[in-house]
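**Student:** Each chain, letter by letter, is given below.
There are 2 protein chains.
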Amino acid sequence: MENIYAQFPQDLTREHFSDLVQSEHVRIERIISRGQSSPESGWYDQEDHEWVIVLEGSAGIRFEDGREIVLRKGDHVKIPAHVRHRVSHTDPDNITLWLAVFYR
Amino acid sequence: MENIYAQFPQDLTREHFSDLVQSEHVRIERIISRGQSSPESGWYDQEDHEWVIVLEGSAGIRFEDGREIVLRKGDHVKIPAHVRHRVSHTDPDNITLWLAVFYR
Numbered sequence: 001m002e003n004i005y006a007q008f009p010q011d012l013t014r015e016h017f018s019d020l021v022q023s024e025h026v027r028i029e030r031i032i033s034r035g036q037s038s039p040e041s042g043w044y045d046q047e048d049h050e051w052v053i054v055l056e057g058s059a060g061i062r063f064e065d066g067r068e069i070v071l072r073k074g075d076h077v078k079i080p081a082h083v084r085h086r087v088s089h090t091d092p093d094n095i096t097l098w099l100a101v102f103y104r
Numbered sequence: 001m002e003n004i005y006a007q008f009p010q011d012l013t014r015e016h017f018s019d020l021v022q023s024e025h026v027r028i029e030r031i032i033s034r035g036q037s038s039p040e041s042g043w044y045d046q047e048d049h050e051w052v053i054v055l056e057g058s059a060g061i062r063f064e065d066g067r068e069i070v071l072r073k074g075d076h077v078k079i080p081a082h083v084r085h086r087v088s089h090t091d092p093d094n095i096t097l098w099l100a101v102f103y104r
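Sequences listed follow chains D and Y, in order.
Under my numbering, the first residue of the first sequence carries the number 1, and numbering increases by one thereafter.
Under my numbering, the first residue of the second sequence carries the number 1, and numbering increases by one thereafter.
Hints may be right or wrong, so weigh each one.
[What the hints assert, rightly or not] Which chain Y residues face chain D? A few, computed with CB under 8 Å, are given here:
id : residue
1  : F8
2  : L12
3  : V21
4  : Q22
5  : S23
6  : V26
7  : I28
8  : Y44
9  : D65
10 : I69
11 : D75
12 : R104
[As the list claims (entries may be wrong)] Just the calculated beta-carbon pair ranges, DEER-fashion:
id : chain 1 : residue 1 : chain 2 : residue 2 : range
13 : D       : W43       : Y       : V83       : 23 to 31 Å
14 : D       : S41       : Y       : F63       : 45 to 53 Å
15 : D       : R84       : Y       : E40       : 49 to 57 Å
16 : D       : F63       : Y       : N3        : 16 to 24 Å
17 : Y       : E64       : D       : Q7        : 43 to 51 Å
18 : Y       : A81       : D       : D19       : 15 to 23 Å
19 : Y       : A6        : D       : S41       : 19 to 27 Å
20 : Y       : G66       : D       : E40       : 49 to 57 Å
21 : Y       : N3        : D       : W43       : 24 to 32 Å
22 : D       : E40       : Y       : I69       : 26 to 34 Å
23 : D       : P39       : Y       : D65       : 44 to 52 Å
No lab work stands behind these hints: they were computed from the structure.
Every value quoted in this text rests on a predicted model; they were computed, and no experiment measured them.
Using N, Cα and C, we set each Cβ at its ideal position, and we do this for glycine too.
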């Protein structure tokens, strides 16, 4: 048994990614951010579908079609494979804790 | 976009299960409990692997080999397919909010 709030990193100048589950068809990832965003050119274009929830903090996701959503505690969204998106911002003052499930 | 804390049921005399994602290889489920447990004979014996996290409240899981774990906010555990287990208790006074990912 592990705890998703445990082993929080000290260095929050970069984002931290850790796999909680990795199997043939699914990967579950914990992401910790504070103030980071994707670079302007940094679109995610993923082979897998993604379901992502914000457990703490808040973050914006911008889609290539111009749509932007802001996720706060408990908000979750499905991002189909190859729907290009980027993180437009994360809370600069508090940790944003994401849980992402990637699947075929 | 949806929120995992939204649309909490009024009737907590039974558990509530809702699918957040359902695809060929993965199913993500929200479970809301308050005080329920599996019946003494009610072992779960699942075809799929399960990764489960408690987001609010607390709950016990007992395994067929006698081992019991208690999960509190943020605790998560992997339960391989066909590892028989039951929910030994959930917090009787507060909602227990589970997020479960079932995968092949």
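**Student:** Hint by hint, note whether the structure agrees.
**Tutor:** Here's how the hints hold up against the structure:
1. The criterion of a C-beta within 8 Å of any C-beta in chain D is not met by F8 (chain Y), whose closest approach is roughly 11 Å, and the hint is violated.
2. Evaluation of the L12 (chain Y) hint against chain D yields a violated restraint, the C-beta minimum of about 19 Å exceeding 8 Å.
3. Given the 8 Å rule on beta carbons, the hint for V21 (chain Y) holds: about 5 Å separates it from the nearest Cβ of chain D.
4. Interface restraint check: Q22 (chain Y) against chain D, minimum CB-CB distance 11 Å, threshold 8 Å, status violated.
5. Given hint, S23 (chain Y) at the interface with chain D, holds; its Cβ is 6 Å from that chain's nearest Cβ, closer than 8 Å.
6. Because the beta carbon of V26 (chain Y) sits about 4 Å from the nearest beta carbon in chain D, less than 8 Å, this interface hint is met.
7. Of the supplied interface hints, the one on I28 (chain Y) holds, with its beta-carbon coming within about 6 Å of a beta-carbon of chain D, less than 8 Å.
8. At its closest, the beta carbon of Y44 (chain Y) sits 17 Å from a beta carbon of chain D; the interface hint therefore is violated under the 8 Å criterion.
9. Interface hint status for D65 (chain Y): violated, as the beta-carbon distance to the closest one in chain D is roughly 15 Å, over 8 Å.
10. Interface restraint check: I69 (chain Y) against chain D, minimum CB-CB distance 5 Å, threshold 8 Å, status holds.
11. The criterion of a C-beta within 8 Å of any C-beta in chain D is met by D75 (chain Y), whose closest approach is roughly 5 Å, and the hint holds.
12. Residue-level restraint check for R104 (chain Y) holds (minimum Cβ-Cβ distance to chain D is 6 Å; threshold 8 Å).
13. Taking the beta carbon of each, W43 (chain D) and V83 (chain Y) are about 40 Å apart, not inside 23 to 31 Å as hinted.
14. One distance hint, 45 to 53 Å for the beta-carbon pair S41 (chain D) and F63 (chain Y), holds here, with the actual separation near 49 Å.
15. Our hint of 49 to 57 Å for R84 (chain D) and E40 (chain Y) holds, since their Cβ atoms are close to 51 Å apart.
16. In this structure the hint that F63 (chain D) and N3 (chain Y) lie 16 to 24 Å apart at CB holds, the actual value being about 19 Å.
17. Between E64 (chain Y) and Q7 (chain D), the C-beta spacing of about 30 Å breaks the proposed range 43 to 51 Å.
18. Hint check: A81 (chain Y) to D19 (chain D), Cβ distance near 19 Å, so the stated range 15 to 23 Å holds.
19. For the pair A6 (chain Y) and S41 (chain D), the beta carbons lie near 35 Å from each other, so the given range of 19 to 27 Å is not met.
20. The hinted range of 49 to 57 Å is satisfied by G66 (chain Y) and E40 (chain D), whose Cβ atoms lie roughly 56 Å apart.
21. About 26 Å separates the C-beta atoms of N3 (chain Y) and W43 (chain D), a value consistent with the hinted range of 24 to 32 Å.
22. Checked against the hint of 26 to 34 Å, the pair E40 (chain D) and I69 (chain Y) fails, with Cβ atoms roughly 45 Å apart.
23. Look at P39 (chain D) against D65 (chain Y): about 49 Å separates their beta carbons, and that is inside 44 to 52 Å.
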